[in-house]
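Next come the chains, spelled out residue by residue.
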Amino acid sequence: MSAIATRYEVVVGLEVHAQILTQSKMFCGCSTDYLTAPPNANTCPVCLGLPGSLPVINRRAVEATIRTALALNCEIPEFSKFDRKNYFYPDLPKGYQISQYDLPLSRNGHLDFDLNGETRRCGITRVHLEEDTGKLLHEGAIHEAQASLVNFNRAGVPLMEIVSEPDLRSADEAREYVMRLRAILQYIGVNDGDMESGQLRCDANVSLRPAGRAELGTKVEVKNMNSFRAIHRAVEYEVERQTQVLESGGRLAQETRGWNDARGLTVSQRSKEYAEDYRYFPEPDLPPLDVSREWVAQIRAGLPELPAARRERFMTTFGLSPYDAALLTSSKAMAEFFEETARLGAPAKTAANWILGDFSRLLNADHKEIQDSSVRPTHLQELIHLIETGALTGRMAKQTFEVMYRAPDPGPALEAARGSTQISGDAELDRIVDEIIAENVKSVADFRAGKEQALKFLIGQGMKISKGRANPQRLDALLREKIQ
Amino acid sequence: MKLYQRTIRDLHKMLVDREISSVELTDAVLNQIDAVGDKTKAYLLVTRELALRQAQAADDRLRANRDVRPLTGIPIALKDVLCVTDVASTAGSKILRGFTPPYSATVVERLEGEGAVFLGKTNCDEFAMGSSNENSGYWPVHNPWALDRVPGGSSGGSAAAVASGEAIAALGSDTGGSIRQPAALTGIVGLKPTYGRVSRYGLIAFASSLDQIGPMTRDVVDGALLLQAIAGHDPRDSTSSSRPVPDYLATLTDGVRGMRLGVPKEYFVAGMEPAVEQSIRDAIRLLEQQGASIEEVSLPHSDVALPAYSNLARYDGTRYGFQAGGGRNIIEEYMLTRQQGFGAEVKRRIMLGTYALSSGYYDAYYLQAQKVRTLIIEDFKRAFKKVDALLGATSPTAAFELGAKTQDPVAMYLNDIITIPANLGNVCGISVPCGLVDGLPIGLQVIAPGFGEEAALRVAYAFEAATEFHKARSPLMGAAA
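Line order of the protein sequences matches chains X and R. The numbers in the first sequence follow the numbering used here, run straight up by one, and end at 490. The numbers in the second sequence follow the numbering used here, run straight up by one, and end at 482.
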């Protein structure tokens, strides 16, 4: 970033919209499957806004919002209500969106995240609940389209809006905040965190102010960022653009700009003069919500271990570095993958290195998540075991891992790696078995006395002697034969 | 007496005793619609085939003596704001022309469950916005007592149908007096239940926080029967109450002895016809003679508030009903559709609502209106600590001539001034015939506390039982010989 940028302080606040993973929609019984269902299949009079239809609140969506708010350290007021946000758009069937205005389900929380080894805190203004809109499909470019199609399958899907305070000071912080937020949403099971499909959407309010000044500068809202990378690039671009405008003596306009990922820039969409007046007023079709303290306590009790706590635990239990622990816990699936691999017997540090190293590199290149891979913790643990026992060199293991990763089933690749080094000649196995028996007199006696457990130990010794190259089934058979 | 002149209770007995069949009865009412429908213009749509099919089914039920209910086989009219599956439902608006909902209102389903017979959809002011039925997007309704007069509104079609023998009973909806005022002006009984007593699911909304569906009938007993059938909690309407529904007939005839009845001095408004005032004073005296104690009370905030009209935003011509066509883009199409699809009164109210909610005006209008509403609620609470029910006129005048007030919206709004407080105050009210002024009917309004329908019905019944006013029949219905 240019040197003059340091004369200004960057101020970023984020508005994240997260769909809630409920079976049915926010105000009716329709399925929330809008990605695979045929257009307009999952609709009814309520989510189509047909006259006379009335909304009924989905309790699970309220619960998920409160769960999110609690995970973000918010206060949950005892009284909340829904409001109508009025505007015309063809994807909004009622001509208003049921949302929350002055009495949201929660407010005044915070989210901690790490950057460069330091913990930062960003305030959470509020988490509120609303309904998603339908989707428009234009025939060609939006402004020239001769026809547009509307699919209302998404209309009425429960949507949370998580509004941050303007506490973020850089593109890096913005990205880290969203990454951590996404991890929390996944941990508590309210959202899959898929940004490309729009399950999780992010708008950024970006402004600059001379360093040291308290009041905020003119704010620009940046929309349409659908990846962490896009958030980072868009904020960075916007900071640079605003710096240039200010440095050249210009004035910034309060406006909405869209991020164009292909061109790597933001484009003006709507200026303040045309800003909407949403004419909010209380939704008369829904009674206000009384949020009992018992209910909140119940939801709080049901919260799982959150990323920050898990990170601490990974550091103390597995001796991981703060950096590795933070990275591993940034995704629930990755943290679980790691924990399972370690539980199966792989040394924690080695497992972490594999997951954060080769595995992540391959996943990132393919834009995939760890849960999308056919490689499971058992596979990684076995591979690590082969290295540990000296059966595979580090280089061979890397090659093997990539083959495993690319294959629809990692089993055969692993088998092949094991097989290529495995001792199958009976003569050599015979020698090994004799050596085991000679050096473990007590265990041999124990086995004779009927302790099955002792045989396992003896097989283990054989694996050690053979550096993992012996076939354990063969060892088992030979040992039984020779001892009895 | 002709079949179409009778009450639900009478006809129920005749049906059960096999004196008549529902098909005969339905035929008689349909014939009356054929005979006088052109004069009243009460219906927007007559569902003849549906009615006869339902009548046939009701007869089967009666013959088998299977689950026979008080409304089984009774022909009933539905205000056009009520959705009926596969039956055109337009709320009296051109913008919903051609809209046939794929669902029925909960009240419609309940009446179907009772075995009632649906005659059709009755005319009304567009989206129930009006007090004379002259705002119908299709045509005005004429009062069966004098065809040059309005029947009141917005449930004017339902009122005219019941008063002309074109229905035995009807459902209306009341947001600011739309059941009670036309009932008074056509000489029938109309009851606005407490908000939450009757499900609004499938009622095309006017002001969601005030709308209630209610019965329009020949007498108070019929009103109680019809209310009994439609009242109660509905999981599809979160604003419907889960309070148990009392047996309205059980206390109907208990009389007013020992009851305390209040007379709000503010309800004798300026502009009230002296003859109307006289009739109301007579009615009060009569109830006093029946054993009620009467006292004057005060409802100082009998003001009119502006509800919001965002319920109309959805009619943009993209999904159902009327579409203007010819717009060069979506915004232009919205504008053309709404320009052509909505009538003047609806547009006026959209403007008022939009203006009142705009930033900069919100506090002055919307919040002020909310405060007034709170004051009205407090007024009623205070009054009902002292008395069991309130008495007053339903309308300050008898039916006026068509066109008399169409150029003066404010004069038209004043027509609602003594009915609106019951909607804003979360209470219930009933209008019962209390006399004729120059041959035109007028109504006594009984207002009872929230969920106090039993008390309202009981007072209204006591009055009705002691008078003959409800037996008067409009010239179109014919003398009850």
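Do not rely on the hints blindly, as some may be mistaken.
Straight-line C-alpha distance at most 20 Å; calculated SDA-like pairs for lysine to any residue [unchecked claim]:
id	chain 1	residue 1	chain 2	residue 2
1	R	K95	X	G101
2	R	K40	R	S360
3	X	K91	R	G453
4	X	K462	X	P418
5	X	K87	X	T125
6	X	K91	R	D149
7	X	K87	R	S242
8	X	K488	X	G466
9	X	K141	R	Y321
10	X	K87	X	Q275
11	X	K87	R	K40
12	X	K87	R	I332
13	X	K91	R	L368
14	R	K95	R	D364
15	X	K355	X	D372
16	R	K372	X	T262
17	X	K141	R	I331
18	X	K91	R	K40
19	R	K40	R	D149
20	X	K91	X	T224
21	X	K141	X	L295
22	X	K91	R	S242
23	X	K91	R	P476
Which chain X residues stay away from chain R? Per the calculated CB distances, all over 10 Å, these [as the list claims (entries may be wrong)]:
id	residue
24	L54
25	G55
26	L56
27	S59
28	N92
29	S154
30	D178
31	D291
32	D296
33	F365
Residues of chain R clear of chain X, computed beta-carbon distances all greater than 10 Å [as the list claims (entries may be wrong)]:
id	residue
34	D68
35	V82
36	A92
37	F100
38	E113
39	A208
40	D238
Derived from the structure by calculation, the hints contain no laboratory data. Just so you know, even glycine gets a beta-carbon here, dropped at the ideal spot from N, CA and C.
So, going through the hints one by one against the coordinates:
no., hint, verdict
1, R:K95 / X:G101, "holds, 19 Å"
2, R:K40 / R:S360, "violated, 47 Å"
3, X:K91 / R:G453, "violated, 35 Å"
4, X:K462 / X:P418, "violated, 25 Å"
5, X:K87 / X:T125, "violated, 35 Å"
6, X:K91 / R:D149, "violated, 44 Å"
7, X:K87 / R:S242, "holds, 18 Å"
8, X:K488 / X:G466, "holds, 16 Å"
9, X:K141 / R:Y321, "holds, 18 Å"
10, X:K87 / X:Q275, "violated, 31 Å"
11, X:K87 / R:K40, "violated, 49 Å"
12, X:K87 / R:I332, "violated, 31 Å"
13, X:K91 / R:L368, "holds, 17 Å"
14, R:K95 / R:D364, "violated, 34 Å"
15, X:K355 / X:D372, "violated, 25 Å"
16, R:K372 / X:T262, "violated, 36 Å"
17, X:K141 / R:I331, "holds, 15 Å"
18, X:K91 / R:K40, "violated, 44 Å"
19, R:K40 / R:D149, "holds, 10 Å"
20, X:K91 / X:T224, "violated, 25 Å"
21, X:K141 / X:L295, "violated, 29 Å"
22, X:K91 / R:S242, "violated, 26 Å"
23, X:K91 / R:P476, "violated, 50 Å"
24, L54, "violated, 7 Å"
25, G55, "violated, 5 Å"
26, L56, "violated, 6 Å"
27, S59, "violated, 7 Å"
28, N92, "violated, 5 Å"
29, S154, "violated, 8 Å"
30, D178, "holds, 36 Å"
31, D291, "violated, 5 Å"
32, D296, "holds, 13 Å"
33, F365, "holds, 48 Å"
34, D68, "holds, 27 Å"
35, V82, "violated, 8 Å"
36, A92, "violated, 7 Å"
37, F100, "violated, 7 Å"
38, E113, "holds, 16 Å"
39, A208, "violated, 8 Å"
40, D238, "violated, 5 Å"
Checked against the numbered hints given earlier, this structure breaks hints 2, 3, 4, 5, 6, 10, 11, 12, 14, 15, 16, 18, 20, 21, 22, 23, 24, 25, 26, 27, 28, 29, 31, 35, 36, 37, 39, 40; the rest are met.
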